[in-house]
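K.L.:
Protein chains in written order, with my numbering: chain A, 1 to 332; chain B, 1001 to 1436.
Read the hints as simulated data drawn from the structure, not as lab findings.
There may be inaccurate statements among the hints.
To be verified - Derived lysine-lysine pairs resembling DSBU-like cross-links, with alpha carbons at most 35 Å apart:
1) B:Lys1333 / A:Lys320
2) B:Lys1184 / A:Lys182
3) A:Lys150 / A:Lys311
4) A:Lys38 / A:Lys15
5) B:Lys1074 / A:Lys150
6) B:Lys1184 / A:Lys142
7) A:Lys311 / B:Lys1184
8) A:Lys141 / B:Lys1160
9) A:Lys141 / B:Lys1133
10) B:Lys1160 / A:Lys311
11) A:Lys77 / B:Lys1301
12) A:Lys150 / B:Lys1184
13) B:Lys1074 / A:Lys320
14) B:Lys1184 / A:Lys320
15) B:Lys1293 / A:Lys311
16) A:Lys141 / B:Lys1301
To be verified - Counterexamples of contact, computed for chain A against chain B with all Cβ distances above 12 Å:
17) Leu9
18) Leu33
19) Thr101
20) Lys142
21) Ile143
22) Val187
23) Glu202
24) Thr297
As the list claims (entries may be wrong) - One side of the interface only, derived from the structure: several residues of chain A facing chain B at Cβ under 10 Å:
25) Glu73
26) Leu83
27) Arg86
28) Asp88
29) Leu214
30) Ser302
31) Lys311
32) Tyr315
33) His319
34) Lys320
35) Phe331
None of the values given here were measured: they were computed from a predicted structure.
We put the beta carbon where it would ideally sit given N, CA and C, even for glycine.
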Amino acid sequence: MVKKEKGQLLPSMMKNKEKRSAVHAELKHQKKLEKRKKIKARDAAEKRALELGEEPPPRAIPRTIENTREFDETVCKPDDEELFARNDADELSSILKRERTPTILITTSRFNSTLGPAFISELLDVIPNSEYFKRGTYDLKKIVEYAKTKDFTSLIVVHTNRRKPDALLIIGLPDGPTAHFKLSKLVLRKDIKNHGNPTSHEPELVLNNFTTRLGHRIGRIIQSLFPQDPNFRGRRVVTFHNQRDFIFFRHHRYIFETKETNKATCSKTKGTKSSKGENVTQEKVIARLQECGPRFTLKLISLQHGTFDTKSGEYEWVHKPEMDTSRRRFFL
Amino acid sequence: MPRTMKVESPGCPPLRALTFDELGLIKVVEARGGSHGSDPKVVERWGEPEPSRCVLAASIDDRKSNPLLAVARKCGTVEILNPLKGDVRAAISDVAHDGVKPEDDPIVGLHLFKSEGSDRTSGSCIVLTCTTKGNARIRHCAFSSSPDDSASTDTATLWKVCGAGNVLCSKVDASESYAVFGGKGVEVNVWDIRKGTKIWNAKPPPKNNLGIFTPTWFTSATFLCKDDHRKIVAGTNSHQVRLYDISAQRRPVISFDFRETAIKAVCEDLDGYTVYLGNGTGDLASFDMRTGKMLGSFLGKCSGSIRSIARHPMLPVIASCGLDSYLRLWDIKSRQPLSAVFLKQHLNAVVFDSNFTDEASLKPDPTHEAEDTVEDVQTGDVEAAKPLKKRKKKAAKEGRRKEGATAKDNGVDNLKMKKKMKKKRSEMGEGLNDQQ
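All chains, full assembly: derive it from the sequences and hints.
P.N.:
This is how it looks when you write it as C-alpha cells:
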C-alpha cells in the first residue's frame, strides 16, 4: 500500500509481537491523523471558495474496484449486429418478442424444509403467472418433461440446505438454458420494517449493469420470467441489480410526490437502488419507495446450454477457480 | 492456488484458422508473425447471421493450389467454398428423401476427400456426409462457373450406418479408405468406404458384478494414427475414453475416465499416440494413449464446453473452440495458452489453413499463389490494428474493439498498416540480401 524505502523498518519485520503491535498501532494513528487533517483542509478550501463565490476545487474521485475493472472484451456494444442476430435466434426470443406469455412452475428440491415454503409463497407473489407444485420424489428431468407438455415457459427449483433456501435453478423451456444461482442474504417480507404488500399488477422490471455477453444472456433469462407488458399504474417495480457478479433482488412499490425543500435534505426513501431526491431548489418530483416482498442476492454458478442435465450437458459458462486470478475481473 | 501474476504469453506463430458458429458465420482468424509472434485477429467474416444456416460440420482440404472447404449447414445444404476468398463454389442441397426433412435429420459428419490430381482440375470433388439417423452418402460434386446449382452428379453411394439410435460422431482416416461412426445407441463401427461394407463393430465392455451397464453413447471418435486405420479413440457421454484396436479384439483395449462431463471433442496428434480431449465443462487435456496416462491439462480461462479441437499440421499449436465463444490457441509442448480470440457466437467447429505464410518467413517468391491471394485479402480488409507491442493476450484485444464500430479511423489506420507492411517487407528483403 504505502511505499516505504528499503531502509525503513516495517512492522512486519519485527518478531516481537508486543513491539510489533505497538509500532503498528502508532502507524495507524498517524495515518488517521493525516487523513483527518486532509479532510479538514479540503472542507476549509471548499467553504472558502463558496464564500468567495468561486468554483470549489473539484473533489477527487475515489478509486473503487468497479472503476478499475479490468477491460473485458465481451462487453456488449450498442451497435453490434451479431448480438441482435443472436438475440433473435436464441431460445428466449419467442417469449421476449411477446409471442408467448410466460408461465412459471416453481418447485423445491427433494427434501423440504421449514423456510422453504415461506420463500416460495413470496416468490409466487412477486412473479405473476406462477404456480407451485410439490416435489414429491420425481426426477428433475421428468419434471422438465411434464412442464413442457403442460406448456410452461420456465421452471424454477428452489434448493434448500440446512433448512434455508440456498440455490435457485432457472430452467427455460422447451430447451432453454439452465442457470444455476447461489442464493444468500434472504430476508422475508415479515422481517422487513414497514413493508408494503404487493398487488397483483404486472411489475416493471429493472435490470442494472448486465454488461458482458454472459450478463446480457442472464438478463434475458430473467426478463423471460416476467410478462413483457408492465402495468405502470400499478406502480410496482422489481429490480435485479448486478454489481461485482452479485445480483441483488429488490421489490418495491413507488409513488411520485412533489416535495418542497431548500437545501440538501434526504427524502424518506427506503431501498437505495432507485432515485432519491436531493433538492437544492424548491419543487421537485421524487419517488418514494416502499419495500415489499423478499430481498435476496444471487450469484451465478453455472449456465448450461440445454435443459438440466448434469451428465451429458454442455456448459456455456461454469466458474473455475483459475478464473479468479484478478480481483478486478467480473464476468457478468 | 490459481496463479495471480500474469505470465507473458509467447505470442502466436503465424497461422490462419477458420471458425464456424451457430448462426452460420465463418470467421477467419489470422495471426501474422512478427519478430516474435503477434496476436490473432479476425480478418474476415463470411455469411449472414441466420440460425437455419448454422454450421454443423466442416472439413478443409488445404493443398497449395485450389484449396477447398466444405461446410454442412443445418438446413441440409453442403457448401463448397474457397477458403481464401469465401465465395461459394458449389452447393449441394439435401433433397428430402424418404420423407425425412433435413431439419429432423441433421448432418453430423462431413469429410472432403483430398483426392489428387485429375478430379480437381476438372473441377469436382467428393464429399462424404453422415446424418444423425445414419444415412451416410458419398457424393461427387462438380462445379460449374456459377456457384449455385452445380451439377451434383449424385453418384450417391448411400448406405445406412446404424439401424436404430443416433450417430453423433464420424471420422475418416488419413488414407481415406476407412471411416468410423459412433453415437447414442450406436457402437463404434468401422466401414470401408470404397466397398461400402462394415468391417468391424465394437462390443460394449462387460457388465460389472452388480449387473449394471451404462448404455452406449459415444460423443466423439477419431483414428489414432495417420498411417494405421486400426486404432480408434472414442469418448463417451459418461466421461470415459476408450482405445479400440481392430486387429486385436472387439472390446476396448484401454479405457479410462476423464473428469465428470461428456467428452465432446477428440483430436489426435501427429506423433500417433497423443490425443487431446475436450469435455463439456471446458477442460482440455492431453493423454498418452499407449499407457492411458494424462500428460497434462491445458489451464486457461476456458469456461464453456469445447466443441472442436484442431491440430495445426505443421506448427505445435492446437486450437479449441466452444460454447464460451472464444477461439483459444495453445502451445502443445508447454501447454500454455498462446492467445484467445473472442468471437461472439457459440462456435461449432474450427479448422486450420496450413498454407498461410507470412512475409517474415517467406523468401521473395511472387509466384506463390496462395500467399498472394492471402496478402491481397489482408491489405484490403484488415481491421485497424494497434501497434504491435508485446502485450498480454487480454490487453491486446483493444485492436478488436473497433470491429463493427466507427469507420472513420479505418482509412487512416489502413494507410499506416500498409506503410508498416511495406517497411517490414523492405527490411526483410534487405536482411535476406545481407545474409546472402
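K.L.:
Run every hint past the structure and note whether it holds.
P.N.:
Structure-based check of all given hints:
1. B:Lys1333 / A:Lys320: Satisfied, since the Cα-Cα distance of roughly 23 Å is no more than 35 Å.
2. B:Lys1184 / A:Lys182: 33 Å, holds
3. A:Lys150 / A:Lys311: 25 Å, holds
4. A:Lys38 / A:Lys15: Measuring from Cα to Cα gives roughly 33 Å; hence the hint holds.
5. B:Lys1074 / A:Lys150: Within the cut-off at roughly 29 Å; holds.
6. B:Lys1184 / A:Lys142: 20 Å, holds
7. A:Lys311 / B:Lys1184: 14 Å, holds
8. A:Lys141 / B:Lys1160: 32 Å, holds
9. A:Lys141 / B:Lys1133: Cα-Cα ~24 Å, so holds.
10. B:Lys1160 / A:Lys311: 29 Å, holds
11. A:Lys77 / B:Lys1301: Measuring from Cα to Cα gives roughly 22 Å; hence the hint holds.
12. A:Lys150 / B:Lys1184: 28 Å, holds
13. B:Lys1074 / A:Lys320: Satisfied, since the Cα-Cα distance of roughly 32 Å is no more than 35 Å.
14. B:Lys1184 / A:Lys320: Status holds; Cα separation ~29 Å.
15. B:Lys1293 / A:Lys311: Holds, at roughly 23 Å.
16. A:Lys141 / B:Lys1301: Holds, at about 30 Å.
17. Leu9: 27 Å, holds
18. Leu33: Correct as stated: the minimum Cβ-Cβ distance to chain B is 34 Å, above 12 Å.
19. Thr101: 23 Å, holds
20. Lys142: 18 Å, holds
21. Ile143: 22 Å, holds
22. Val187: Given a closest Cβ separation of 31 Å, the condition holds.
23. Glu202: Correct as stated: the minimum Cβ-Cβ distance to chain B is 30 Å, above 12 Å.
24. Thr297: 22 Å, holds
25. Glu73: 4 Å, holds
26. Leu83: Status holds, d = 7 Å.
27. Arg86: With Cβ-Cβ at 6 Å, under 10 Å, it holds.
28. Asp88: 8 Å, holds
29. Leu214: 9 Å, holds
30. Ser302: Holds, because the Cβ-Cβ distance from Ser302 of chain A to chain B comes to roughly 8 Å (cut-off 10 Å).
31. Lys311: With a minimum Cβ separation of about 7 Å from chain B (threshold 10 Å), the hint on Lys311 of chain A holds.
32. Tyr315: 5 Å, holds
33. His319: 7 Å, holds
34. Lys320: 6 Å, holds
35. Phe331: 8 Å, holds
Violated hints are absent here; each numbered hint is respected by the structure.
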